[in-house]
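Chains as they are written, first to last, in this note's numbering: chain A, 6 to 116; chain B, 6 to 116; chain C, 6 to 116; chain D, 6 to 116.
Hints are computed from structural coordinates only; laboratory data are not their basis.
This structure is a prediction, so every number in the text was calculated from the model and none was measured.
Among these hints, one or two may not hold up.
Identical copies go unnamed one by one, so any copy, or any two together, can satisfy a pair.
[Claimed, not checked] Computed list of lysine-lysine pairs in BS3-like fashion (alpha-carbon distance at most 30 Å, straight line): (1) Lys11 / Lys71; (2) Lys11 / Lys105; (3) Lys94 / Lys105; (4) Lys71 / Lys94; (5) Lys71 / Lys105; (6) Lys15 / Lys71.
Protein chains: 4
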Amino acid sequence: MNDRIKSREKAIFEAGIKLGALYHQFIGSPVSPESADSLERAIEESIRNQPYVESISVRIDRNHLKENLNSFGYTELTGLMLEVELAVKVDETRIHAGMKPVDGYPLMSLL
Amino acid sequence: MNDRIKSREKAIFEAGIKLGALYHQFIGSPVSPESADSLERAIEESIRNQPYVESISVRIDRNHLKENLNSFGYTELTGLMLEVELAVKVDETRIHAGMKPVDGYPLMSLL
Amino acid sequence: MNDRIKSREKAIFEAGIKLGALYHQFIGSPVSPESADSLERAIEESIRNQPYVESISVRIDRNHLKENLNSFGYTELTGLMLEVELAVKVDETRIHAGMKPVDGYPLMSLL
Amino acid sequence: MNDRIKSREKAIFEAGIKLGALYHQFIGSPVSPESADSLERAIEESIRNQPYVESISVRIDRNHLKENLNSFGYTELTGLMLEVELAVKVDETRIHAGMKPVDGYPLMSLL
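Looking at chain A on its own, in the form it has when it is part of the complex (with noise of 0.2 Å):
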């Protein structure tokens, strides 16, 4: 295999890893509408200290929050409600990645 396709298969693999990982990591967690900007702030952050992203955006779907609010005010954070994209880049290849519903479910995909 040359080292472009290889650049580039690591990049693949290694965006699947960051977006299944920020998936199962912040997934349940309390949030409503006062608290979803931190939340959002804190999953970019945290998700761009691993190895080879470049850049992440988080945002979390308000219209979808709101209608989700249990008699306390809150929810918890569900797949449906997040868009994510985010690039990796591996040597000098880069790689678009993002997730967002599509049909009832949270689809992960490259774009």
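Model the placement of chains B, C and D on the given structure of chain A, informed by the hints.
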């Protein structure tokens, strides 16, 4: 059981729930000296959403954090890095509880 | 405070910790009708390791599980699928606590 | 891009997702020599539910586990205790990936 004892016991139970929740939700999060602030704020704001929480402060021990950085410049949040204090209020009864490392164990206790 | 009240309050606090821990550790785990048994056993055996736990039973509601399967034939463990009962013992004082869905909220309570 | 490369890249991406998911879902679980078996089985059966997973084996290093027991006789699952191998299949293309400790870091890699 009189109402005051009942409120006190409920507050103690709720304080335990919050500490167990916080610990097992956020332990394992990638964290570095640069991202520790945003993780502290997000944990505080997340747990403050839960019922009966009056106040909470979360501190990540920067020395312990720096001693545990891996070759990529980050580590994972562990119980031994965490110092937490929270106040829980049920009816008119307020309970203080917290966690901090004692003899190498992340001890949760009523204060 | 006399010793008996002290033991009782500590048992109540510890029961809360266990329920909060269990919830936020395992919520989000991929689960299907085929894998629910092994997840129930693993949660029970995992939490039974924690201090003061005398016994614990974890049941994943199979009907709720089946109603929530995605197109890949699985779903994620949520609080609304969980029924938990545990006994915590401190000195000679035993406390029973549990969680189950009440009005669409995964309620934790002293039993 | 031809179909074979596309399938291979998707399989690599999915393998990364599974390893990141497994890690951040189960790290932190209380575990002891007595409960390690049930946790291994539950992790395997849980992750096998996810799309494209053909097979998976999870091993918790008993020596590492025993060296890290706390005074209550248990510890928490960490990345350095985990050895995972999995096969992911997309269309007719199969990828092998895994994780194990390398130089004190829980390294995930294509096999």
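Verification of the hints:
1. Lys11 / Lys71: neither (44 Å within a copy, 33 Å between copies)
2. Lys11 / Lys105: both (27 Å within a copy, 21 Å between copies)
3. Lys94 / Lys105: Answer is both; intra-copy 21 Å and inter-copy 23 Å each pass.
4. Lys71 / Lys94: between (35 Å within a copy, 26 Å between copies)
5. Lys71 / Lys105: Both, since 18 Å and 24 Å are each at most 30 Å.
6. Lys15 / Lys71: For Lys15 and Lys71, the Cα distance is within 30 Å only across copies (28 Å; inside one copy 38 Å).
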